[in-house]
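Asks: Sequence:
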Amino acid sequence: MNIKTFSRFDEEIWNDVGPLYFQAFGDRGAKPVKVIKHMLDQGIADLHVCYKGNTAVGMALTGKLSTNRVMIIDYLAVSKDERGQGLGQQFVKDIQKKALAEGYRNLLIETEAEDTPNNKKRIHFWQSCGFLLTDYVHQYIWVPEAYQAMYFPLTSQLRETTGEELFRYLNTFHRLSFKGSSNQ
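Residue numbers 208 to 391, in this note's numbering, belong to the letters of the sequence shown in order.
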């Protein structure tokens with residue numbers, strides 16, 4: 208497994224990972240490509256690609272709130288053929304190491320809150336990677352699903368936090384993601 212991180216949008220790289228992204232999120236809250244391009248170009252996101260040989264088998268889009276020292280895993284997907292082999296957990300560990308090396312204090316994700324087998328499976332995956340689930344359920348005004356925040360403290364000095372606090376970071380990140388992308 209080889210993971211490469213890209214800080215600028217590259218059409219050729221996107222052609223490798225776009226199918227993974229749309230397969231995983233196309234009908235469930237995928238951001239338009241022009242928004243992802245904008246996020247990368249304005250320096251608030253990185254694209255991480257997991258390769259097996261020359262084939263992209265995983266992708267993650269992380270957001271950066273540098274002043275708050277918070278990194279957000281906005282999207283993470285692993286090829287259906289590669290699931291269940293520990294690749295996703297290894298990919299998350301790599302992102303955790305990168306976030307710590309870059310001085311971030313907290314790694315966040317949001318997961319759908321509805322009590323369904325798929326959502327439970329996703330939450331279990333993140334918990335197996337060391338993420339903590341908060342109780343607070345957040346309802347965005349622009350999507351019908353409710354969400355919960357999960358976090359991975361990168362330093363031992365980090366105090367316990369609330370879902371409300373984490374969603375302030377997530378809302379800030381989403382606002383920055385769409386600001387000026389001509390997709391508001």
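None of these hints come from the bench; they were simulated from the model. Treat the hints with care, since some could be wrong.
To be verified - Calculated lysine-lysine pairs in the DSS-like style (CA-CA distance at most 27 Å, straight line):
#	residue 1	residue 2
1	Lys211	Lys259
2	Lys211	Lys244
3	Lys300	Lys328
4	Lys241	Lys211
5	Lys287	Lys386
6	Lys304	Lys327
7	Lys386	Lys244
8	Lys241	Lys328
9	Lys287	Lys328
10	Lys386	Lys327
11	Lys386	Lys300
12	Lys259	Lys244
13	Lys327	Lys244
On a predicted model such as this, the values are computed, not experimentally measured, just so you know.
Asks: Regarding the pair Lys211 and Lys259, is the alpha-carbon distance no greater than 27 Å?
Replies: holds (11 Å)
Asks: Need the status of pair Lys241, Lys211: alpha-carbon distance at most 27 Å?
Replies: holds (21 Å)
Asks: Measure nothing beyond the straight line between the CA atoms of Lys386 and Lys244; if it is 27 Å or shorter, mark the hint as holding.
Replies: Given pair Lys386, Lys244 holds - Cα atoms ~12 Å apart, limit 27 Å.
Asks: Between the alpha carbons of Lys259 and Lys244, is the straight-line distance 27 Å or under?
Replies: This hinted pair holds, its Cα atoms lying about 24 Å apart.
Asks: Is the hinted pair Lys287 and Lys328 satisfied, with a Cα-Cα distance of at most 27 Å?
Replies: Roughly 15 Å between the alpha carbons, so the hint for Lys287 and Lys328 holds.
Asks: Holds or violated: Lys241 with Lys328, Cα cutoff 27 Å?
Replies: violated (30 Å)
Asks: Decide if the proposed pair is consistent with the structure: Lys327 and Lys244, CA atoms, cutoff 27 Å inclusive.
Replies: violated (31 Å)
Asks: For the pair we were handed, Lys304 and Lys327, check the Cα-Cα distance against 27 Å.
Replies: holds (26 Å)
Asks: Under the criterion that the straight-line Cα-Cα distance not exceed 27 Å, is the pair Lys287, Lys386 satisfied?
Replies: Violated, at roughly 33 Å.
Asks: Starting from Lys211, check that the Cα of Lys244 is at most 27 Å away, please.
Replies: Given that 27 Å is the threshold and the Cα spacing comes to 17 Å, the pair holds.
Asks: Checking one constraint from the list: CA of Lys300 to CA of Lys328, max 27 Å. Satisfied?
Replies: holds (19 Å)
Asks: For the pair supplied as a hint, Lys386 and Lys327, is the alpha-carbon distance within the 27 Å limit?
Replies: violated (32 Å)
Checked against the numbered hints given earlier, the structure breaks hints 5, 8, 10, 11, 13 and satisfies all the rest.
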